[in-house]
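The task is simple: from the sequences and hints, build the whole structure.
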Amino acid sequence: KAGVTQTPRYLIKTRGQQVTLSCSPISGHRSVSWYQQTPGQGLQFLFEYFSETQRNKGNFPGRFSGRQFSNSRSEMNVSTLELGDSALYLCASSLQGGFDEQYFGPGTRLTVT
Amino acid sequence: GENVEQHPSTLSVQEGDSAVIKCTYSDSASNYFPWYKQELGKRPQLIIDIRSNVGEKKDQRIAVTLNKTAKHFSLHITETQPEDSAVYFCAASLGGTSYGKLTFGQGTILTVHP
Numbered sequence: 001k002a003g004v005t006q007t008p009r010y011l012i013k014t015r016g017q018q019v020t021l022s023c024s025p026i027s028g029h030r031s032v033s034w035y036q037q038t039p040g041q042g043l044q045f046l047f048e049y050f051s052e053t054q055r056n057k058g059n060f061p062g063r064f065s066g067r068q069f070s071n072s073r074s075e076m077n078v079s080t081l082e083l084g085d086s087a088l089y090l091c092a093s094s095l096q097g098g099f100d101e102q103y104f105g106p107g108t109r110l111t112v113t
Numbered sequence: 001g002e003n004v005e006q007h008p009s010t011l012s013v014q015e016g017d018s019a020v021i022k023c024t025y026s027d028s029a030s031n032y033f034p035w036y037k038q039e040l041g042k043r044p045q046l047i048i049d050i051r052s053n054v055g056e057k058k059d060q061r062i063a064v065t066l067n068k069t070a071k072h073f074s075l076h077i078t079e080t081q082p083e084d085s086a087v088y089f090c091a092a093s094l095g096g097t098s099y100g101k102l103t104f105g106q107g108t109i110l111t112v113h114p
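For the record, the sequence lines run as chains A and B.
Here my numbering is used: the first residue of the first sequence is 1, the next is one more, and so on.
Here my numbering is used: the first residue of the second sequence is 1, the next is one more, and so on.
Please note: incorrect hints may appear among the correct ones.
[Claimed, not checked] One side of the interface only, derived from the structure: several residues of chain A facing chain B at Cβ under 7 Å:
no. : residue
1   : F45
2   : E48
3   : S51
4   : F99
5   : E101
FYI, nobody ran anything at the bench for these hints, they're computed from the structure.
Note that the Cβ used here is the ideal one computed from N, Cα and C, for glycine as well.
Listed below in structure tokens is the structure:
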């Protein structure tokens, strides 16, 4: 079974720009969670989507948004990029969330200059 | 919201020794506690998890214990090997009502010296 994939793997953007990251979950998984990983803050939950609906959201500003498509693929968007948005963005898929194991993708390394 | 504290931040052991990493959580409603291992440049991978209705769980050289009253849980690795060197993260969630949200500890860098 193919694992979770994320595109692109690396991205360099300028302050003020916007960016869209993509996540393809394991086949059959309907829940996709997004996390931001930084050396200072560790792994922080952004939001979760299940059957095209956002079910949960972390404490991030409204510049961070996401969506999920009918095939469970998910995208996250960050508008008006700030230097502090530089991070590794990880998505994780699971069957339905809850107690189900979350399988992480390789991440997208975003650098904002 | 939930807060997870993890200690120590770094841990150095000799091959064959045991390693223990401890976490405390703040939300008494949390009922699912997974542990992830992240090797350098790689994605986090689940190594063991425990639900709140269980006090201890073992899988070969790895074990996790949970004390619900004290709101803390620990990872125990016995007979450590150099390939155990990685960053280990504990996490807590509300399980069935978590809707995909894991709250992670800050991580422990484990180094196993041959």
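Honestly, which of those hints from before does the structure not fit? 3
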